[in-house]
Amino acid sequence: MAQAALAIRNLSKAYAPGQFVLRDLSLEVAPRGVTAIIGPSGSGKSTLIRCINRLVEPTAGAILFEGRDLTRLKGAELRRARARIGMVFQEYNLVERLTVMENVLTGRLAYVSPLKAWLRRFPPEDIERAFRLLDEVGLSGYERQRADSLSGGQRQRVGIARAIMQQPRLLLADEPTSSLDPKTSVEIMTLLRDLAAGHAIPVLVNMHDVELARRFADRIVGLAGGAIVFDGPPHALSDARLAGIYGGESWLH
Amino acid sequence: MPSAPGSAAARAWNRFTPAERLARFAVYLAVVAAVVVSAATVEFIPEFVYDAPEQMRDLLVRMWPVDFAHYPRGVHAALVETLHIASLGTLLAVALAVPVGLLAARNVTPVPALNYLAKLVLVSSRSVNSLVWALLFIAVFGPGALAGTLAIAFRSIGFVGKLFAEACEEAHPGTIEALAAVGAPWASILTHGYWPQVKPAFWAIVLLRWDINVRESAVLGLVGAGGIGVALNTAINLFQWNRVAVVLLAIFAVVIAAEILVTQLRKRLI
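Quick mapping for you: the protein sequence lines, in order, are chains A and B. The first sequence begins at 1 in our numbering and counts up one residue at a time. The second sequence begins at 1 in our numbering and counts up one residue at a time.
If you are wondering where the hints come from, they were derived from the structure by calculation, not from laboratory data. All residues carry an ideal CB built from backbone N, CA and C; glycine is no exception. Treat each hint with caution, since some may be false.
Said to hold, decoys possible - Label-pair restraints from in silico Cβ distances: (1) B/R215 / A/E125: 48 to 56 Å; (2) B/G174 / A/S149: 16 to 24 Å; (3) A/L119 / B/L261: 28 to 36 Å; (4) B/L249 / A/P123: 55 to 63 Å; (5) B/V31 / A/A14: 40 to 48 Å; (6) B/V80 / A/E125: 26 to 34 Å.
Let the sequences and hints guide you as you build the complete structure.
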């Protein structure tokens, strides 16, 4: 890989001493396309994603992003790095009592002073772009609605708009469709893939739905017991490989 | 862990373990003992209790007729002063309690030393009754409304700060995580993550405290800290029961009015 957007080297994480959730994991993410991480519950998918933007502190290893090791950053430097990484959450994590527009604009909080943000004095180009993004995610005209009045699919659209609003160089998504019905899940994944491609942002997404991962990912990484046990294109993910990731075979039939 | 199907004894289930049952029994015993000991300490004198209804009737008779003419001359100004003490005191308390409350909330300030320091401040504020605070401030600033206002404020810091900190700790962590992931600075996480979530609780706490302070400041005058309590104290000391009645009615009316106002404000703010 010529110039990876993200390079994880020998990453380990133990929540309690000696109990490793991730073991010596290395992974590179290309500057374009969707990389899906699949694996059973407890295999470390969420921990891996959250180690990247340091919502979870890694125990050992390095994470290289834009020429810096994310694991070593602190304070303002860490915030600047986080500002360059968008994140979409399973439970959307919108600020329920704020409007859709305010939620999308929170994507710019790293760039606007707290006082100006408090007074809602965002730069006009931010507001303009927020409107364009709301159009892109199909929520035109919803800007004044409160986030808690939206449906699950609509909330996740706001979540995606908030992440893209950061103008990130990497987009993380932690089970973005797990709280949604199958049809909405497909719509959200389509939106995520197309928006990221349109803005030239690589996506690293956790998924527990293997079929959805096959359909939308350019590359699939299988995680089991905190280590990578499969890494390849969707068509290489055979039943035998799936059995290797999830263990057992009876569930495949 | 699935238990092996064995004898009935192996599957027996009790709501409490023997240790828990013992602990519950100990609590019951302690409560009964406390009631017995307290009753013995109170030393109530039966004669005074039998006498109470008569004394009560006597008091009410002496209060009648209520001296309404006294209201514009001796009560109104004191009543307004009471409201000022309560409102100013609450404002001052909120201004001081918000930063202390933020320091006390473990999720907002993840520094245990600061949490304990802030909690110490809140506990010391609450451990002193507002009457005692008033006596302290009268010693410093002399009698009057200033001492009353500060007494109200210092007693309220603990109350407002503690409840505000608890509201912050109950904020949904996912939202905060999302804003941290965006790279937002601490102040913006406060204004966009915590504030929208704690806003209803905040206004509820402030209004409740103001409501309490209106009643508390009515009593502060008894120790000379200004307000309607001074008028009440004077009237009682001079045995002017008709005037005592008008003061009590004024306090009652204000408390009712405050209750109605607070209810209406809550409906609009939350």
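| query | Are there hints from earlier that the structure breaks, and if so, what are their numbers? | reply | Per hint list: single violation, 6.
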